[in-house]
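Peer 1: Using the sequences plus the hints, can you model the full thing?
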Amino acid sequence: MRTELLGQEKNIVRVKVEFDAAEFMTNLNDVLRNITQKANIPGFRKGRIPRKILEMRFGRSNIHKEALEQMLPEALKQVTDDYDLDIMDAPSLKIDDIHEGEPVTCELVIEVRPEVELPEFGDIEVEKLRQEVKDETLDSMIAEFRKQFATSIPVDRAAGEADVVSGTFVTRVLNPDGGEETVSEPSASEIDLGEPGVRPEVRDALIGKSKGDEVNTEFDVEAGYRDAYFAGKRIRYDIKVDGVSEKILPDMGPEFFTKVMSVDIDTEADFRQEMKKRLLEHYENEETERIGEEAIAVVMERSRLDVPDSLLERQFAYIKEQEAAEVKQRYNVSMEDYLSKSSISMPQYEQVVREKADATLRQTLVMDEIGKKFGVEVTREDMEAEISRLAALRGVERARMRAHYYKNEAHMSQLANSLRYDKICKLVLENVNVKHVDKLSGKEPVAESAE
Numbered sequence: 000m001r002t003e004l005l006g007q008e009k010n011i012v013r014v015k016v017e018f019d020a021a022e023f024m025t026n027l028n029d030v031l032r033n034i035t036q037k038a039n040i041p042g043f044r045k046g047r048i049p050r051k052i053l054e055m056r057f058g059r060s061n062i063h064k065e066a067l068e069q070m071l072p073e074a075l076k077q078v079t080d081d082y083d084l085d086i087m088d089a090p091s092l093k094i095d096d097i098h099e100g101e102p103v104t105c106e107l108v109i110e111v112r113p114e115v116e117l118p119e120f121g122d123i124e125v126e127k128l129r130q131e132v133k134d135e136t137l138d139s140m141i142a143e144f145r146k147q148f149a150t151s152i153p154v155d156r157a158a159g160e161a162d163v164v165s166g167t168f169v170t171r172v173l174n175p176d177g178g179e180e181t182v183s184e185p186s187a188s189e190i191d192l193g194e195p196g197v198r199p200e201v202r203d204a205l206i207g208k209s210k211g212d213e214v215n216t217e218f219d220v221e222a223g224y225r226d227a228y229f230a231g232k233r234i235r236y237d238i239k240v241d242g243v244s245e246k247i248l249p250d251m252g253p254e255f256f257t258k259v260m261s262v263d264i265d266t267e268a269d270f271r272q273e274m275k276k277r278l279l280e281h282y283e284n285e286e287t288e289r290i291g292e293e294a295i296a297v298v299m300e301r302s303r304l305d306v307p308d309s310l311l312e313r314q315f316a317y318i319k320e321q322e323a324a325e326v327k328q329r330y331n332v333s334m335e336d337y338l339s340k341s342s343i344s345m346p347q348y349e350q351v352v353r354e355k356a357d358a359t360l361r362q363t364l365v366m367d368e369i370g371k372k373f374g375v376e377v378t379r380e381d382m383e384a385e386i387s388r389l390a391a392l393r394g395v396e397r398a399r400m401r402a403h404y405y406k407n408e409a410h411m412s413q414l415a416n417s418l419r420y421d422k423i424c425k426l427v428l429e430n431v432n433v434k435h436v437d438k439l440s441g442k443e444p445v446a447e448s449a450e
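Residue numbering for the sequence shown follows numbering that gives the first Met the number 0, beginning at 0 and increasing consecutively.
Honestly, the hints are just simulated from the structure, not real lab data. Note that the structure is a prediction, hence the values are computed from the model and not measured. Glycine included, C-beta positions come from ideal geometry on N, C-alpha and C. Some hints could be false.
Pair by pair, the computed Cβ-Cβ distance ranges are [to be verified]: (1) D203 to A384: 48 to 54 Å; (2) V332 to V108: 38 to 44 Å; (3) D241 to A391: 35 to 41 Å; (4) N28 to E3: 25 to 31 Å; (5) G6 to K327: 42 to 48 Å; (6) P175 to K239: 25 to 31 Å; (7) E293 to K327: 36 to 42 Å.
The list that follows gives simulated cross-link-like pairs (lysine-lysine, DSS-like), each with its CA atoms no further than 30 Å apart [what the hints assert, rightly or not]: (8) K76 to K93; (9) K246 to K146; (10) K372 to K425; (11) K319 to K406; (12) K425 to K276; (13) K208 to K146; (14) K406 to K371; (15) K15 to K64; (16) K275 to K425; (17) K93 to K37; (18) K372 to K434.
Peer 2: Set out below in structure tokens:
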């Protein structure tokens with residue numbers, strides 16, 4: 000077999016491949032033998048069908064093409080090695096006229112990974128904030144943990160601002176025409192009036208109420224609320240107070256310290272020191288993650304590449320297909336029907352998808368080039384270590400976590416991609432200039448991130 004590079008335009012490479020006559024005939028005879036063993040043609044026994052009958056039934060050109068296609072995997076491997084190609088997709092095949100007993104030629108049209116020109120990493124500088132844990136932050140965190148581990152006891156009095164109210168709720172939607180729609184059966188719920196996430200209208204309605212009281216409150220739901228049914232509507236809660244409980248915060252003692260830290264701690268000083276240490280580690284990890292993403296963003300911005308139209312169209316179609324399936328699953332409507340009820344037209348939506356596809360491809364190609372530059376690989380040991388870490392973090396058995404990933408190819412791929420991204424970020428940070436600062440240039444001071 001001989002190959003010849005015919006030309007390249009952007010990321011499309013054309014290669015001529017010539018097979019020896021004897022090499023082709025060997026594969027052709029194998030194909031004919033396989034067909035005659037499997038074909039079911041009336042009047043002929045399997046394995047005893049004359050070639051002319053096979054050609055009449057299946058077509059001589061189709062049989063030739065099948066013989067040639069069986070030779071392609073080995074040919075493609077040689078072409079890849081000969082010209083050092085990074086192939087993106089299965090090649091298309093252009094076949095010249097085939098004459099048995101003569102050399103057979105064809106042309107492979109191959110889509111290869113587009114060239115990416117990375118910037119000099121040494122020219123990139125990112126600023127990393129020095130981290131500290133202030134006493135007031137530590138006090139606030141301890142107070143939150145005390146609330147988390149608080150117990151509650153029923154009390155025979157009106158609810159105060161820090162109490163927990165149990166009640167039976169009925170939700171109604173108030174229509175602009177003055178009507179109302181009951182959208183829930185009476186359901187029991189507990190409201191911690193001291194939590195900042197409680198709606199002010201609900202908190203105000205319940206403070207001062209006692210067991211047996213019945214109250215209602217109305218409020219407008221935000222237009223961007225996560226549940227589209229309630230978004231932008233006026234809601235009324237009819238509430239019957241079933242009980243009031245007072246929260247009892249745990250004492251600042253060894254039992255509380257051990258629950259929070261999951262290690263034996265006897266004194267408040269040791270507790271504060273351990274918590275401060277863990278918070279500082281958390282802040283450092285968050286800041287490292289932030290500057291890693293910033294460094295990657297700078298690398299992407301300064302990298303030079305042209306995203307091929309063929310890649311862009313495939314990514315565009317893939318995103319559209321995925322989002323249409325999600326809309327169908329969530330709302331049981333087509334994307335066209337979904338968009339008809341929104342303020343976005345199909346052309347506007349497709350433009351957004353196209354921009355998303357372009358951004359996704361640019362990031363993928365740049366990250367792949369960085370990975371190639373540094374020889375980044377995700378090993379089985381990396382995967383196993385990450386599975387062990389996730390199992391410990393989520394408090395599940397390692398065997399169960401391992402089965403979750405190994406039985407689902409998509410989850411395994413996602414885990415591998417995440418590990419690869421982390422490795423690349425780490426390597427980029429090792430090669431750019433990291434400047435430690437107390438304040439980011441041209442920016443307001445950044446508040447401590449755990450609050």
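Peer 1: Enumerate the violated hints, using their earlier numbering and listing them in ascending order.
Peer 2: Hint check: nothing fails, all pass.
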